[in-house]
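Given the coordinates of chain G, work out where chain F should sit on it, guided by the hints.
2 protein chains.
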Amino acid sequence: MLSKNKIKYIRSLEQKKYRKEEKAFLAEGHKLVGDLSGHFECRLVAATSTWLESHPDIKADEIVEVSEEELKKASLLKTPQDVLAVFRIPETDPGTRDIAGSLCLALDDVQDPGNLGTILRTADWFGIRHVFCSIRTADAYNPKTVQATMGALARVRIHYCDLKDLIGTLPDMPVYGTFLDGKNIYGQELTPHGLIVMGNEGKGISQEMEKLVNRRLLIPNYPQGEETSESLNVATATAIVCAEFRRRML
Amino acid sequence: MLSKNKIKYIRSLEQKKYRKEEKAFLAEGHKLVGDLSGHFECRLVAATSTWLESHPDIKADEIVEVSEEELKKASLLKTPQDVLAVFRIPETDPGTRDIAGSLCLALDDVQDPGNLGTILRTADWFGIRHVFCSIRTADAYNPKTVQATMGALARVRIHYCDLKDLIGTLPDMPVYGTFLDGKNIYGQELTPHGLIVMGNEGKGISQEMEKLVNRRLLIPNYPQGEETSESLNVATATAIVCAEFRRRML
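The listed protein sequences correspond, in order, to chains G and F. Our numbering numbers the first residue of the first sequence as 2 and each following residue consecutively. Our numbering numbers the first residue of the second sequence as 2 and each following residue consecutively.
Any given hint could turn out to be false.
Copies of the same chain look alike in the list, so a pair counts if it fits in one copy or across any two.
[As the list claims (entries may be wrong)] Listed next, the in silico DSS-like pairs over lysine-lysine satisfying Cα-Cα at most 30 Å (straight line):
1) K73 with K204
2) K32 with K184
3) K17 with K73
4) K79 with K145
5) K204 with K74
6) K184 with K74
7) K32 with K212
8) K145 with K17
9) K18 with K184
10) K184 with K212
11) K32 with K204
12) K5 with K184
13) K18 with K145
14) K184 with K24
15) K60 with K165
It should be emphasised that the hints constitute simulated quantities derived from the structure, not laboratory data.
Extracted from the complex, chain G is given alone in its bound form (with noise of 0.2 Å):
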């Protein structure tokens, strides 16, 4: 049974701040704990006899059985699946050996929880293991990011750091941008290691890291010319653009 202070808790970690004084993060569902188990530390289990009874090497500090009923007050999805979980936030460190060798994706105050977990997914479906967020950026662990990335923070490492610095400690790494005025990517060099840059959905790639892309790149509409939407949504901009790097490399 959870407590009420339990309950509390639980849903306390839908607020950044909470999450960020428990280092604690909540996710839903069987697939997506199944997922996160085993990578993360696992603090709290509340699932249903049956979700216990069909995942008997489940471990966390805590495992809770509990009834549909209450889950429902614990949960913070409109349908709450059979189990949730309390992971703990890993800390990490931008070793920039890592990193200098591989592509990596910064993103510059990219805002909306939904697109975030979205690129999240993405890096994780092309092999992209090293996120940088500006501190600006929505966080990783909002209950939503959580839910939309489906499972990819098992796999991706998230970074919030000042890009700038991150930039100045990788000397001669290709840090990409796309921009309405920039190169036909489908015509440029895209090496296998590099930066992706990606703005904020209103306002871009900033000045600031504008000034510190070396490589412009376009993705060009169709067909060109025309009248079209201003813009692509930041989550498909980044999709279209790793999915061209990485075809470069198949």
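Using the frame of chain G, we list chain F on its own:
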């Protein structure tokens, strides 16, 4: 000034039932209202005096000057902007002649309004002029979808229909779909015309529709064979596929 009834009317358009009854949808913000006016019959504009002064040519059955306070009461956004407008939902006729020679999308029960909006924005970017939606696909005139389209509704026509029947009227049409056991998209012939089927967020393409797909594609992950997310977000996958089709035509 907006009467209580008018505010109720505007806010009622959050619900599909009332949109259907009124054949009307809501759009908010100066960019979106600007993009859509001229393309749709405008029933009502409610805007601040500042906005109205800078848009003397706006045409609508009814134009109401409102204070920011009033706008807040009518708006469905967290941060209301200077203007909202109610437009008429157009009646569309999916004429097969237009379609047979072009590249179109078919959405097989895409459920999330945000995903749908992002897909329409992507379609616009890539010059896809017709998007066919199964009856159970989210409503394109849901305010969340409308806001996510970023004006694409002005250029992309949306048709709700039985997708099986549609394909029945288009013999010899290439019908593409992505599957985890499909063929690497980068190695396949992609025609400049055809129908690209995208499936539901949880279930993918339905069995019924799968039978009608005659070209099975795969967006390869990287590195191949490595553990990764099970799939991409549907709006993300749509973008990668559309980009690849158009890449061939540049």
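Evaluated hints:
In this assembly of identical chains, the alpha carbons of K73 and K204 lie at most 30 Å apart only when taken from different copies (24 Å versus 38 Å within one copy). For the homomeric pair K32 and K184, the shortest alpha-carbon distance between copies (26 Å) is at most 30 Å, but the shortest distance inside one copy (40 Å) is not. Taking CA atoms no more than 30 Å apart as the test, K17 paired with K73 passes in both settings, with 21 Å inside one copy and 27 Å between copies. Proximity of K79 and K145 under a CA criterion of 30 Å is satisfied in both settings, with 12 Å inside one chain copy and 17 Å between copies.
Taking the shortest Cα distances, K204 and K74 sit within 30 Å of each other only across copies (27 Å), while inside one copy they are farther apart (38 Å). For the homomeric pair K184 and K74, neither the shortest alpha-carbon distance inside one copy (52 Å) nor that between copies (45 Å) is at most 30 Å. Taking the shortest Cα distances, K32 and K212 sit within 30 Å of each other only across copies (28 Å), while inside one copy they are farther apart (42 Å). Taking the closest pair of Cα atoms, K145 and K17 come within 30 Å of each other both inside a single copy (12 Å) and across two copies (24 Å).
Neither within a single protomer nor between protomers do K18 and K184 lie at most 30 Å apart by alpha-carbon distance, with minima of 41 Å and 46 Å respectively. In this homomeric assembly, K184 and K212 come within 30 Å of each other (Cα to Cα) only inside a single copy, at 16 Å, whereas the closest approach across copies is 40 Å. For the identical chains of this complex, K32 and K204 are inter-copy neighbours only, at 14 Å across copies versus 35 Å inside a copy, given an alpha-carbon limit of 30 Å. For the identical chains of this complex, K5 and K184 are neighbours neither inside a copy (57 Å) nor across copies (52 Å), given an alpha-carbon limit of 30 Å.
Proximity of K18 to K145 under the C-alpha cut-off of 30 Å is found in both arrangements, the shortest distances being 15 Å within a copy and 28 Å between copies. Taking CA atoms no more than 30 Å apart as the test, K184 paired with K24 passes in neither setting, with 42 Å inside one copy and 43 Å between copies. For a Cα distance limit of 30 Å, the shortest separation of K60 from K165 qualifies neither inside one copy, at 40 Å, nor across copies, at 47 Å.
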